[in-house]
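Position 40 of the sequence shown, counted from 1, bears residue number 40 in the working numbering, the numbering being contiguous throughout.
Honestly, the hints are just simulated from the structure, not real lab data. Any given hint could be a false lead.
[Stated by the list, open to error] Between beta-carbon pairs, the in silico distance windows are: (1) Glu44 with Pro160: 35 to 41 Å; (2) Pro110 with Thr70: 16 to 22 Å; (3) Glu5 with Arg89: 20 to 26 Å; (4) Arg124 with Ala173: 17 to 23 Å; (5) Thr70 with Val48: 18 to 24 Å.
[Stated by the list, open to error] Here are the computed lysine-lysine pairs in the DSBU-like style, where the Cα-Cα straight-line distance is at most 35 Å: (6) Lys216 with Lys144; (7) Lys144 with Lys243; (8) Lys243 with Lys86; (9) Lys223 with Lys243.
Backbone N, C-alpha and C define an ideal beta-carbon position, used for all residues, glycine too.
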Amino acid sequence: MPQLEVDGAALTYDDEGPRDGDGTPLVFVHGWTADRHRWDHQVEHFSVERRVIRLDLRGHGESGGSGSRTIGELARDVLTLLDHLKVDRFVLIGHSMGGMIAQTIALGHPERVERLVLVNSISRMTYSRGRGLLMTVSTLVPFKLFVAANIQRAFAPGYPREEVREHIRASSATPREVVMTCYAAMRDFDVLDRVGEIRVPTLLVHGYHDVQLPVKQMLRMAKAYPDAVVRIVDAGHELPVEKPAELTAALDRFVTA
């Protein structure tokens, strides 16, 4: 796989599909402790006719480097890669933490984002006092237990246990420093008061059973978007792998509209 050295991190990425294909290039950004293969179904579908780019964020998957302290730092990595590939304008699709990165890019470089898709993502993480205490306490447990607990609850009830265990194993392979630093970056992320500045067509796709980033928080964000379409799917937080065909169909309708 090709790699690009960015600030001491070798970022692994895929750049697939015809350069002269129909439509603006699609850029996919994965979430916390995941990797670029979260988007396998979507990339296989779209790369037949248009250029598709995805990467492993620093410290994730096959990319090197330590965790970033802010979502903004991760957004700069994505933009550096796109500059390297000479992709000036694109459709930006982000899942969970990747959606936070996507919002940061859309706010900082609106001229480059043609359309925006946020999958199971929000603009501000909000907790009740009880849940906030639980999240703080969870960081004090052994690392593998912390990861396992978070990944387990990311899936909707009834999702195959062996597949959940495989995702737990993959997430646990992410270095502890990366996991915890990005976790803190997500908790600090807050652009809710600015999302009204994002004027591009936006699709918000969310799992009804998402307990990591509850749907009611997404709906509060949706009200602030001046041009947003909302789609609720019978899934948990890991929509790209729980309901890949349904997500791909929603993306297809949106990006070709």
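So, going through the hints one by one against the coordinates:
no., hint, result
1, Glu44 with Pro160: 35 to 41 Å, "21 Å, violated"
2, Pro110 with Thr70: 16 to 22 Å, "20 Å, holds"
3, Glu5 with Arg89: 20 to 26 Å, "25 Å, holds"
4, Arg124 with Ala173: 17 to 23 Å, "29 Å, violated"
5, Thr70 with Val48: 18 to 24 Å, "36 Å, violated"
6, Lys216 with Lys144, "29 Å, holds"
7, Lys144 with Lys243, "26 Å, holds"
8, Lys243 with Lys86, "32 Å, holds"
9, Lys223 with Lys243, "25 Å, holds"
The structure fails to meet hints 1, 4 and 5 from the earlier list, while all remaining hints are met.
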